[in-house]
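J.: Chains as they are written, first to last, in this note's numbering: chain A, 272 to 592; chain B, 782 to 1179.
It is worth saying that the hints were derived from the structure and are not from the lab. Don't be surprised by glycine CBs; every beta carbon is placed ideally from N, CA and C. Watch out, some of these pointers could steer you wrong.
Claimed, not checked - Sample of chain B residues facing chain A (criterion: CB under 7 Å; computed from the structure):
(1) Leu969
(2) Leu970
(3) Asn988
(4) Lys989
(5) Ile990
(6) Ala995
(7) Ala996
The lines below spell out each chain.
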Amino acid sequence: MADFGQDGEWAIEALGLVKRFDGFTAVDGVDIRVPKGAIYGILGPNGAGKTTTLRMLLGIIDPDEGRRVVLGHERPTDIARRIGYLPEERGLYPAMKATEAIAFLAALRGVPLKVGRARARALLEEHGLAYAADRQIRQLSKGMAQQVQLLGTLVHEPDLVVFDEPFSGLDALNQGKLETMIRALAARGTTVIFSTHVIAHAERLCDRVAIIAGGKVPFAGLVDEARDRLRPQVRLETRVADGPWRAALPPEARHEGAFWHFTLPESGVEPLLRALIEGEAGILSLSIERPGLHDAFVAIAGEAAARALAENAAQAEEAIR
Amino acid sequence: MIPEKLRAAAVIARRDFVAVIFSKTFLLFLLGPLFPLVVGGMAGAIGAQVDKELNQPQVGLALPAEQTRRLLAAHAALADALPGDVPDFVALDAPGTNPRALLAKHLPGHEGVLTAVVSGTLDHPVLTATPERAHLWQGMVALFAARARDDHPAPLPPVTIDEVATSAAKVKSGQVMTAQAGQVLLFLLTMLLAGMVLSNLVEEKANKIIEVLAASIPMDALFLGKLFAMLGVSMVGIAVWGTVWGGLVLVGMKSLPMLAAPAVGWPLFVGLGFLYFAMAYLLLGSLFLAIGGMASTVREVQTLSMPVTMLQLMVFFFASYALARPGTMIETASLVFPLSSPFAMLARAARSTELWPHVLALGWQALWVALIVRTGAVLFRRTVMKSGPARPKKRAKA
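Just chain A, same shape as in the assembly (with noise of 0.2 Å):
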């Protein structure tokens, strides 16, 4: 990276990001690239190193070894006006009432109070919580409070939005709320990073993503790209079971109820079909898929990886019940 933080493109530049902790390696060689203006993944299991990353990117650590460059400054502090912070564990001054609070985080992010709480009012009526303006934190369901503290991180209209595990403790309606919210941030060019154990939540949103695993990050790049990393996947119903056809399907391939699965061939699909029809196969239904982020996640992180993520996912989802 020879033009490393001068570019303007990038909102954020990290190279070689390395962080440990009492001799244990949290973070190992880091690079990620995110544009301006993207809406940014780093997926991964609990453990292998999302918060420390996104803590080194804000500056709330310093790394060990490596370089990151955040909206062209190598020390996210200084800019810290331009950037809204969600972390995982979320928290506000319990005897503090909504729109203080709001107000609060604004302020710290170099918001006149005067002008905070305005915008705290104006987008609690714009989220209908209009209701809870005067209430203090600890009056709101848990619910509303991350709602109330969500509005905290944008209240400042930052350009650079970083989420630490967002959709987590949230139930399926406010889920969506926020993927509505991160589309709206994006389309009005602001940049949003965040952090996930939810493939299906990056799949949906992401332009780019980080996959990480063990502290290094084997992948990041268009999420097109990683998908494009496995070989599209061929479903095939056959009416005859067996003939010569069968020579022209890879030696891989696997017999399951009524389809034969198997990753399309280097040659296409064109010498497939000629086959199977010359074949008198009886083709009954045929169909090429394309690889989902999963599928790229287990080929690219590993089958354990992938397992923890799932596990995370689905104490998540039991938490939520």
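Given the coordinates of chain A, work out where chain B should sit on it, guided by the hints.
T.: Frame of chain A, contents of chain B only:
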């Protein structure tokens, strides 16, 4: 343009100040110093009454009747002219009775308890009492007996009084008293108030807002904001207590001890006292904030409060010890050592008219406040912000 750190510190200070001042417990905080005063006052009044009832000394006179009468007359003539407490004399009308037997019982018809008995004659009076009383009253009994023997005692000559306002020795000792009083007051206020900051960061940790703060503002701004908020709270407390105390003085508590004027004069001494309180508070408070920042639970803070109180006591004792040794290396050390410097410098203000050392000392102390805040903030960021909520013992939270 306000520097970013100060602006951020002001946001934190405002939040904390408002949160404390408008809390229900703040009234209790204001009333706090009244409790020991009320309890102490009540205990003192009761003790004084008991003491008066039990220890009003009476000296029984077991001399022949005429000699007893003359001794009582001598007591009446001289008692008011003698310094200190002169015991009452009572006639026992029991000549020849063993004085030891008289002391051993409570005599009917007499209030109080006999402390001593004078028997024998005016020429050879015998004082029967415990050793300490006997030595205390031996001269007094001799004086009264000598006067009682005289058939025509001369009246006491009038003494013309020529009062002077003070003397060099009195000024010096008075200023030392003022210095000590200043140190004690400074210590009491600092001990009462500086300890509060020990638990100041626990709230942010417990409410999980610390990470948002760490991402939004410089950590030393957070520390400074918290320090100044609590300093503000302390000032409110001192203003209220000072007003109440001033009111009581005006109402007429004339028995309050009057201190000698300090060398720099009262207005400047009070002003310096205010500044040195602020510095002592900021120095100890920043240290406590840094120490308390390492604690993650209220229980840990409670465990820390004892050693922290001991530290305050040691600082105070050091400054007090140095007060009695002017011009020595010990005094210099107490002036230079940042934590004892405010106490030692306030004492110096009571005894020396030089003002430039105060400017130097205040700058020196402010420098140390900045250093401790900076170090505390760096340590806090390094040690506390390193771990996530679900981080296993040996692993960082991802």
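J.: Honestly, which of those hints from before does the structure not fit?
T.: Hints 1 and 2 contradicted; others consistent.
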